[in-house]
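*Asks:* In the UniProt record's numbering, the protein residues as written are 1 to 490.
To be clear, the hints were calculated from the coordinates, so they are not data collected in a lab. Since the model is a prediction, treat every value here as computed from it, not as a measurement. Any given hint might turn out to be false.
[Said to hold, decoys possible] What follows is a set of in silico ranges between Cβ atoms, one per label pair, in the way DEER data are often shown:
id: 1; residue 1: D272; residue 2: S211; range: 47 to 55 Å
id: 2; residue 1: P434; residue 2: Q460; range: 40 to 48 Å
id: 3; residue 1: S354; residue 2: E243; range: 38 to 46 Å
id: 4; residue 1: I35; residue 2: E477; range: 23 to 31 Å
Beta carbons: idealized from backbone N, C-alpha and C, even for Gly.
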Amino acid sequence: MASLEDDQYQRSAAYYKDVQRQYIRATNSIQMDIIRWYQRLADNNDISYAGAKKLLKKNELKEFRWTVEDYIKAGEENAVDQRWMKEMENASARHHISYLEAMKLQMQQHAELLSTEFEGGMTDYLRKSYGEQYYHTAYEIAKGTGMGSNLVQLDNRKMDVIIRHPWAQDGANFSDRIWTNKGKLVRNLHTELTQNIIRGASPQKAIDSLSKTMEVSRSQAGRLIMTESAAISSAAQKDCLKELGVEKYEILATLDGQTSEICRDMDGKVFDMKDYRVGVTAPPFHPNCRSTTVPYFDDEFTEGEQRAARDGDGETYYVPADLKYKDWKRKFVVEKGIEPDIMKSGARITDLFSKEAEDFAKMYYAEIRGFSTDAGKIAGNLGKSETDIRKIKEYLFEAESLTDPDTGVRRRFDPDCAIAQSWQRLMIGKDIKPHDRTLIEHELLEMEIKRRNPGISHQQAHELASQKYDYNKEVLEYYGSLEKHKKDPG
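Between the sequences and the hints, there should be enough to build the whole structure, so can you do that?
*Replies:* Written as structure tokens, this is what we have:
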């Protein structure tokens, strides 16, 4: 059963690469549109909010209508949402429209096409993923037990019902989340565009700002793909096991340094099929979850089986199937002393958006949860209350402090490399940076704002705390200077 553990995650990663290319195309289109519109404002000698509010000239309006007609045609060909189609038809009939309105409409068109393509691709991907996981599960069982010869053939209608069935507590399915995220993307793009024009930002600054907004949306899409894929794979396994009359199943976590604490704890747990509940007794247990389930049999069926594990370089090797995560870590990581040097030495990562940064953050967050003396050390190094530091640790790393925007479920914060390195320096007590101290003040204030205002959203509390202690701004300035120094050491 070792191959089941990794196949679903690899399929998700491969599909995400396709979606990344879609985002790159949409971002490039937005950049080209911004350059063209800024040039028109420059031709009018008025790159300002007042200039952007002016109406298109007669020839510009005519050209704009041609563009909208092309959008309508593209919308018809790609089955874009009818509400947006109606909005474009209304825009094409208008006799007066401002530069800013035209820019916003063009940006929304790119977001609409992107989301439509994403939903269609996601539907096909999840349907295929369900089928492959269903039959692959049956195949793996048949290899070891001979069960599965009379498996019922799947049909697309049944799979469509399954993949569109909400599995999270908020009652939303993957399509709902795509369109909710699209709405957020459009609002954020419009806000960034307007604010950049008001500030009189250069075209490049506007492009950079809008590109970051697209990057956030792309990351949300990636998390959605991984989480929905895990849920659908889990449903396929459940349905297959039920069809074959399997009575018990076992949780199988990925054996590497990035595995979350909950998956470490759930690894090897055995449950009755009647207790199968996604997010509680079956994966996904969190966004980007890589755990899976396998049928649980007596030793006569599983003796001699193996499961996959990965070393620090990502290379795969195999260990006995009954080896649990904690035993694997003690035997293959701690005893062999192969924990990453960066974790032990506090070595500095300069690119927060690199794979190295992502991997380090995941590993170090997991390690922090196992520390017992870090709060006391940080309190001593900063002259702070150890009680306050413990509260921050629980809030940042341990508690389910965030309502997930994709699922509506409470969860932990995503691992963040900058925060991980700040915590590391604060604990070690050497080379502490100004933004490391700001982190502590920011989190204390953010927690206090939430305590005093129980109904406030995390984003609102974060923004209010940032008005006094802007950790993110200081982080970007610090790491930006490091990257610049790397490129130009002289």
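*Asks:* Looking back at the hints listed earlier, which ones does the structure fail to meet?
*Replies:* Failing hint: just 2.
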